[in-house]
Structures are given as C-alpha cells and as structure tokens.
Amino acid sequence: DAGVTQSPTHLIKTRGQQVTLRCSPKSGHDTVSWYQQALGQGPQFIFQYYEEEERQRGNFPDRFSGHQFPNYSSELNVNALLLGDSALYLCASSLPPNTGELFFGEGSRLTVL
Amino acid sequence: GDSVTQMEGPVTLSEEAFLTINCTYTATGYPSLFWYVQYPGEGLQLLLKATKADDKGSNKGFEATYRKETTSFHLEKGSVQVSDSAVYFCARSENSGGSNYKLTFGKGTLLTVNP
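Line by line, the protein sequences give chains A and B.
Each residue of the first sequence is one higher than the one before, counting from 327 in the working numbering.
Each residue of the second sequence is one higher than the one before, counting from 7 in the working numbering.
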C-alpha cells in the first residue's frame, strides 16, 4: 500500500519564477492538506482540499494556490517566488471522519535563489 | 491566537536515560493532541495521540497524557535508544466544521541519543 508520494523531491528556482508541486494521497484517502516547513520550524498549514474544493486556508498570500483532481491527487502552485518561500513543502492526506490524524509525504524541498 | 509551545532543544541524552519533552497548548474548546516524529531523511509520522482529557496516548514506549487542567501534553519515555534520535513535534487539531481539521504544530525538539 503506497503512502503519500510527492514530487519533485528537490528543486531550485529563482525569485519571480513559479513552481508546481505534486502529491498523491495514501490509497483511499480523499482529503489533502499542504504544509510549509521552514528550516528549524514546525510545519505551517497552507490549505486543505476535499471534493476538489479548498476547504480551509491558513495565513498564506494568494500567491499560494492549489488544486485537487478527481483521483484525489493535488497540486500546490506558488507564483512570484520570494527568497522566503524556500522551505520543505509537505503534503498530508487523511480520511474523514478523523480528529486530525494525518499521513505525511517526505516533502518537496524548494530552494529559491 | 491558538498555539502550541514545546520545549526548546536540542536535547542530548545517553542511551537508557529518561526523556521528557514538555508541550503546552492554548485552544478554545477541546482539541485532539498529537506527537509527531521526524526521523532523519524521512517524513513526519504520527507517534501517538489523545482525543480527550485524561486520555493517555502510547506507542513504542513513549507516552503522553492529555491534561486539560494544565493544558499540557508532555512526551515521556522511560529508557531512550539511539534509534529514538529524531525531531519531535507536538500538535493540536482545530476543527472548522464537519470533517475539516487542520493541525497547529510546535517548533519541534531535536533529540539526540548517544550510545
């Protein structure tokens, strides 16, 4: 049973560029959440998708957007990259009903130069 | 706002030592509480959880008790092993209605266990 898979694992971009990160949830999971983990910090909630709609959003600017596909996979898009966007981006999946137990992927490490 | 505060690291222990990592939370209502662990080179994984006051979560020799009166969820292990070296994150869930939950994490505590 495959867990949560993310791609790419590492990437380097320059300021002003755009990036798309991809996530396949654990088999049978229909809810996908994205988190940003800066170096030495805990993960910060970006947004959550369920039934192809954004259901919740954290304190992130509109430059961060996402999408969920009918097969429950998801993308995170970041436009107009800033140096401060350098971080590990984590995808997590879950299956309601739940009390917040999430299954995380290994993350996509984004470096913005 | 609602938050999670955990003990600053790093923590360095010898094998078989006793471990405590403190965690306190603020919340309106009654969140579920979690400890997640991040081993080197791996993704976050759930270590244990507790969903209501006085519940004790346990796994792999680790324990934590949901204390509503002190708003705490301290992680303990009686005898650590080198393989326990990792970053530990305390987290609380927040429900915005229906089945939509999100987690708020502490900053993490790096534990290094030496042989």
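Worth flagging that the hints you see were computed from the coordinates, not collected in a lab.
Small disclaimer: the values here were computed from a predicted structure and weren't measured.
Treat the hints with caution; some may be incorrect.
[What the hints assert, rightly or not] Straight-line Cα separation of at most 27 Å, DSS-like style, residue types lysine-lysine; simulated pairs:
id	chain 1	residue 1	chain 2	residue 2
1	B	113	B	66
2	B	74	B	113
3	A	339	B	74
4	B	74	B	58
5	B	74	A	352
6	B	74	B	62
Here is how each hint holds up against the structure:
1. About 22 Å separates the Cα atoms of residue 113 of chain B and residue 66 of chain B, which keeps this hinted pair within 27 Å; it holds.
2. Taken as a hint, the residue 74 of chain B and residue 113 of chain B pair is honoured in the structure, with Cα atoms around 21 Å apart against an allowance of 27 Å.
3. Taking the CA atoms of residue 339 of chain A and residue 74 of chain B, the gap is about 45 Å. The hint is violated against a cut of 27 Å.
4. A distance of roughly 9 Å separates the Cα atoms of residue 74 of chain B and residue 58 of chain B; the hinted pair therefore holds under the 27 Å criterion.
5. Only pairs whose Cα atoms come within 27 Å are accepted, and residue 74 of chain B paired with residue 352 of chain A is rejected, the gap being roughly 33 Å.
6. Proposed proximity of residue 74 of chain B and residue 62 of chain B is supported: the alpha carbons are some 12 Å apart, at most 27 Å.
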